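Based on these hints, arrange chain B on the given structure of chain A.
Protein chains: 2
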Amino acid sequence: MNKEMKIIDVDVHNDLKSHMDLVPYLPEPWKSRVASTGLGLVQHGYWTPVGVVREDCKPPSGGPAASDPDYLVQDLVEGYNMKYVILTSSIIHISSLHDPDYTAAVCSAYNDYLIAEWLPRHKSFKGAILVSTLDPNLAAKEIERLAGHPDIVEVLFSSGARSPLGQRQYHPIYEAAHRHNLPVAIHIGGEGAGGATAPTAAGYPSRYIEWHTNVSQTYMAHLVSMVTEGVFEKFPRLKFVMKEGGIAWLPHLMWRLDKNYKGLRYELPWLKRLPSEYIRDHCFFSTQPIEEPSNPKDLITLFDMIDAENFLLFSSDYPHWDNDVPTEILKRLGSEARQKIFHDNAQRLYRL
Amino acid sequence: MNKEMKIIDVDVHNDLKSHMDLVPYLPEPWKSRVASTGLGLVQHGYWTPVGVVREDCKPPSGGPAASDPDYLVQDLVEGYNMKYVILTSSIIHISSLHDPDYTAAVCSAYNDYLIAEWLPRHKSFKGAILVSTLDPNLAAKEIERLAGHPDIVEVLFSSGARSPLGQRQYHPIYEAAHRHNLPVAIHIGGEGAGGATAPTAAGYPSRYIEWHTNVSQTYMAHLVSMVTEGVFEKFPRLKFVMKEGGIAWLPHLMWRLDKNYKGLRYELPWLKRLPSEYIRDHCFFSTQPIEEPSNPKDLITLFDMIDAENFLLFSSDYPHWDNDVPTEILKRLGSEARQKIFHDNAQRLYRL
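Quick note, the sequences are listed as chains A and B, same order. Take 1 as the starting number for the first sequence in full-length UniProt numbering and just add one per residue. Take 1 as the starting number for the second sequence in full-length UniProt numbering and just add one per residue.
Read the hints as simulated data drawn from the structure, not as lab findings. Treat the numbers as computed from the prediction; the structure is a model and nothing was measured. One or more of the hints may lead you astray.
In this list, chains with the same sequence are indistinguishable; a pair is considered to hold if it fits within one copy or across any two.
Each computed DSBU-like pair below joins lysine-lysine, with the alpha-carbon atoms no more than 35 Å apart [as the list claims (entries may be wrong)]:
id : residue 1 : residue 2
1  : Lys297    : Lys83
2  : Lys297    : Lys331
3  : Lys331    : Lys123
4  : Lys262    : Lys297
Here chain A stands alone, though its shape is the one from the complex (with noise of 0.2 Å):
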């Protein structure tokens, strides 16, 4: 790839050396209680024989992969002549917890500490606010709160969730993220976890392999909800950003859901235009993990059965087992298309 090409990287999950790092932040009673017994976060009990963490991430001061800035500009964003990169957590899978306000209290600990102590720390971090789907108008509430500080670029919460995510009681969060001109973002990891549905469609898989091969289905679900339901009538310059879903599984779905919206349109008054079209205008997926096929080009050719190029946005999932390098996937794109990929489309999404 041309070295000279600076690349916009949506997705790379800093880390909080311990959950003691949100305890300064955090009200009564969260602060006695995550002080005494941490975060809580559940898991979803699919274990990995890789880990999800690499290894050879870990900063020299100690503490968790990405938990230290200084080391993640040094290994990523020098590394790879980053622009800008999107910090997205490691707690998004707060989501699959029970508790309304605990998990937005959190929610709101975790951004002051990001606005404190990441985003001030380098000209490259840009910040996610996130919120907990438990409670929408708490999420909307949070939304408000921070959406003018100008490092703030998107709304971010769970793909893992109680039900699909175009239905109307998550609204307040895309009424408000709209009024902001903020995208919303999901991302995976809290999939079967807790209170979130079972991680495929035919229920608790066995292994890790499975749960990960079909978080895609979870995508494809909340994507065909977020169209039906109207979300993008209702909110038209609202951008939903799918990070870590997949990509290759979109010719299949806008073909079906385009072929019943002609048979089904009856139910769906409100849609004026065909699903696959609310699609291109509205929606953003990030590249990683990029399905590899044994001929590279198909790829490609698939991407241009439905412009691809104009609506991925490159990722690195940094520091994850499965991280995509940026000078490693993609190859066959043409300069235009990578161009687009690994930068112009994020910056044109995120104002950057």
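The following block gives chain B in isolation, referenced to the frame of chain A:
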């Protein structure tokens, strides 16, 4: 299309004239139950504005569409020059009920009714042994009881289930089918009904268009389960047929699962080949409802990426609302691929 080409249709929904058709074949206490209160099949609760069955398929003799064997022959078999049609019933979603004994008894009664009242009526009729997944040992006994019938060509059950179908509790079904060289087929309908899991990986959507669009996810999860649980290593001649679950998601799934296998194969020491190789060797997919891109050529391009012409089976889904007419779909296929998909693949699979 070539009018001389004979067609094998692998998904034709013969129906009962009424639940009373099964009463003579049921033992007590089920005979009295069904005679007095019907079959009690549970629905998924999504209403379709276009109905499920095409009104114009209703036989002049009265009764529901596809409940008159003679009219089905006239309207479908002779109408489209079909050599064989596989009768798949209208009660497949029996597995979404709760009582393993009752559902097994209804399946046995249906199978006896099929053998007595349908299969002898026309030389094109071939049958599936319907089983309930609620007690796989009872299902295996039913396979054992009927596998020798000359017009029985497969085992059939619902894709709506309580867990991914590769899990070991279901293996008695595969063991029996494998021993008798019968393919096993799954079919949609019970997703989200009764005791089945939620019909999407994000829970219960709001409307039928979502239910119908997302049904492919159930198939994706079952397919990943069948491969990763090692069903095709344990039963090396077993063939698995996915009816009415879509096709165009296959490149995504094969690529993502192969990639994950390369990283996570430690979890699956029983596999000896790439997941996609098991899919190519053991799995078949019926064509209806075929995805319809705005550029029809895209579907063929996508098929070519995965050699789909070797594992697709034509199906009409007669008499349902969205059924596919053989003269209208897949017009851009080459003649060799047409011959395989409309005839040869099914002939070989079902030894017809």
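Do the hints match the structure? See the list:
| no. | hint | result |
| --- | --- | --- |
| 1 | Lys297 <-> Lys83 | within (28 Å within a copy, 39 Å between copies) |
| 2 | Lys297 <-> Lys331 | both (10 Å within a copy, 25 Å between copies) |
| 3 | Lys331 <-> Lys123 | within (28 Å within a copy, 55 Å between copies) |
| 4 | Lys262 <-> Lys297 | both (32 Å within a copy, 20 Å between copies) |
Of the numbered hints listed earlier, not one is contradicted by the structure.
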